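Undergrad: In order, the protein sequences belong to chains V and E. Position 219 of the first sequence, counted from 1, bears residue number 238 in the numbering used here, the numbering being contiguous throughout. Position 241 of the second sequence, counted from 1, bears residue number 260 in the numbering used here, the numbering being contiguous throughout.
Bear in mind the hints are in silico, worked out from the structure with no lab data behind them. It should be emphasised that the depicted structure is a prediction, and the values quoted were computed from it without experimental measurement. Hints are not guaranteed to be accurate.
Claimed, not checked - Derived, one-sided and incomplete: chain E residues facing chain V with beta-carbon distance under 10 Å: (1) Lys61; (2) Gln94; (3) Ala95; (4) His99; (5) Gln103; (6) Gly145; (7) Asp147; (8) Ser171; (9) Ala271; (10) Gln272; (11) Ala273.
Heads up, the beta-carbon is just placed ideally off N, CA and C, and yes, glycines get one too.
2 protein chains.
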Amino acid sequence: MGFTSKLTSAWATNNSALCVGLDPDISKLPAHLKADPLGIQKFCIDIVDATADTVCAFKPQIAYFAAVGAEAQLQAVCDHIRTQHPHIVLILDAKRGDIGDTATLYAREAFERYQADAVTVNPYLGTDSLEPFLRTPDKGTIVLCRTSNPGSAEFQSQLINNEPLYKVIARTAATKWNTIGDCALVVGATYPTELAEVRSIVGDMPLLVPGIGAQGGDIQAAVTAGRTANGTGLIINSSRAVLYTSNGTDFAQAARTVALTTRDAIRKFSN
Amino acid sequence: MGFTSKLTSAWATNNSALCVGLDPDISKLPAHLKADPLGIQKFCIDIVDATADTVCAFKPQIAYFAAVGAEAQLQAVCDHIRTQHPHIVLILDAKRGDIGDTATLYAREAFERYQADAVTVNPYLGTDSLEPFLRTPDKGTIVLCRTSNPGSAEFQSQLINNEPLYKVIARTAATKWNTIGDCALVVGATYPTELAEVRSIVGDMPLLVPGIGAQGGDIQAAVTAGRTANGTGLIINSSRAVLYTSNGTDFAQAARTVALTTRDAIRKFSN
């Protein structure tokens, strides 16, 4: 099953557009896991198991694992998601971007080593740098368009023929990159106006929307701006706000409570 | 010692602007190393030892290691370069780019885990995404500007107020990102006209120039276009053309021969 089909199925099965981002910051882990050599892995797996029926996707952020040499733990977390929750979409957040031969290796990292359903990528190097991802059957290529950070306008909103760069990216995605139907875009919840503009360009293409919760994006504004005509099309990510509600032994149950509340808030504005 | 100082010293000590890119493609390794579990590491270390007196820098490309789960081998290669050839600049080619907190972790990956002197990064997310790299003392931040691939013009040459995006990036690097003096840019040897334009904007800032050799960039054109007034300023990368001249047991000696020829060709046009 392809990325978009699997996502559509996960949206329906769990009636949720929530994505839980797995950003395991060791300094924020519960005390009993901080000193555990496999603490990152155990933390993520407990979060996954506690929230799997509340989400459409999980999104491990590879930098949190790479900074501390925990690739084996990332592999274990990905394996757990795929085997224990096979209907949930697994997105590797890696924001890769490189020229042809190297991009092929990054595609192998995401799709073979970690067996992700989709990976985030950076468009700065152009279409040829994205092709190794786009041409991989059944895998999703989620291209940065308008990111959630405060400085994202600096280059992404520069005008090209009176149109900001992020809209050029969105149109290129819709017309050129989505031939297989498994392309998606990243647009931050922190920019609902831009989210609505991108939605108007890309039709029903899935949009990965980070920035609610700790980054301050408003759920109602994001969902209203980004949803498709039938009230879907969104992967609304929350990481820190879900992960670090409690740093006691009840962290997973506390995460579930926030995930449920967030899922319901998203659901309320989805139709 | 800071990145630019170390680079300046390496240019002078070895009288070389050559950078050997370490892209260990298992399918191209000599037969006796292909089946060796540590083949990547041994291959890179032998190349490093055979060429260290001919270069100013080594540039391991992390994707080649990440695709096959060989981070420990990358760490061993980096350790070897730093301990056995401490005057040679170590550039981690990773092209990272992410928002603040995550960028901080990628900086930790490059500068603490692999102890690189510099890392390549992608500017699409804006200045705030580069700050964790730029503010790390003594470390180099090498920002993608005009990349060497065939499709790099697609977005990088889009006109913003009649100026292509790569020139906006170059000016931003010169005026805003280089306050510590350890910022550099990537400009492909395959685009000598653009290389000359970037040089005219950034003064003496180091430019990492991939694209000679297998990618077809011409050494004379690149060096003539990119050199500073005093004939330096360039890190001219060659990967495949140096690494895969022989796939026999003489591969390192063969690499040395190509490295010497390439170094001399660069030197010839540097003054």
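Undergrad: Would you check whether Ser171 (chain E) satisfies its interface hint, that is, whether its CB is within less than 10 Å of any CB in chain V?
TA: 6 Å, holds
Undergrad: Under 10 Å is the threshold here; is the Cβ of Asp147 (chain E) close enough to any Cβ of chain V for the hint to stand?
TA: 4 Å, holds
Undergrad: Hey, does the Ala271 (chain E) contact hint survive, CB to chain V under 10 Å?
TA: Violated, about 22 Å.
Undergrad: Is the shortest C-beta separation between Ala95 (chain E) and chain V less than 10 Å?
TA: Result: violated, 13 Å to nearest chain V Cβ.
Undergrad: Take the shortest C-beta to C-beta distance between Lys61 (chain E) and chain V; is it under 10 Å?
TA: 19 Å, violated
Undergrad: Holds or violated: is there a CB of chain V closer than 10 Å to the CB of Ala273 (chain E)?
TA: 21 Å, violated
Undergrad: Is the interface hint satisfied for Gln103 (chain E)? The criterion is a beta-carbon contact with chain V at less than 10 Å.
TA: Violated. Min distance 22 Å.
Undergrad: For the hint on Gln94 (chain E), does the least C-beta distance to chain V fall short of 10 Å?
TA: 8 Å, holds
Undergrad: Holds or violated: the hint that His99 (chain E) contacts chain V, with Cβ atoms closer than 10 Å.
TA: The hint is violated - His99 (chain E) has no Cβ within 10 Å of chain V, the shortest such distance being about 18 Å.
Undergrad: Classify the hint on Gly145 (chain E) as holds or violated, based on whether any CB of chain V lies nearer than 10 Å to its CB.
TA: 3 Å, holds
Undergrad: For the hint on Gln272 (chain E), does the least C-beta distance to chain V fall short of 10 Å?
TA: 25 Å, violated
Of the hints listed earlier, those the structure fails to meet are numbers 1, 3, 4, 5, 9, 10, 11, in rising order.
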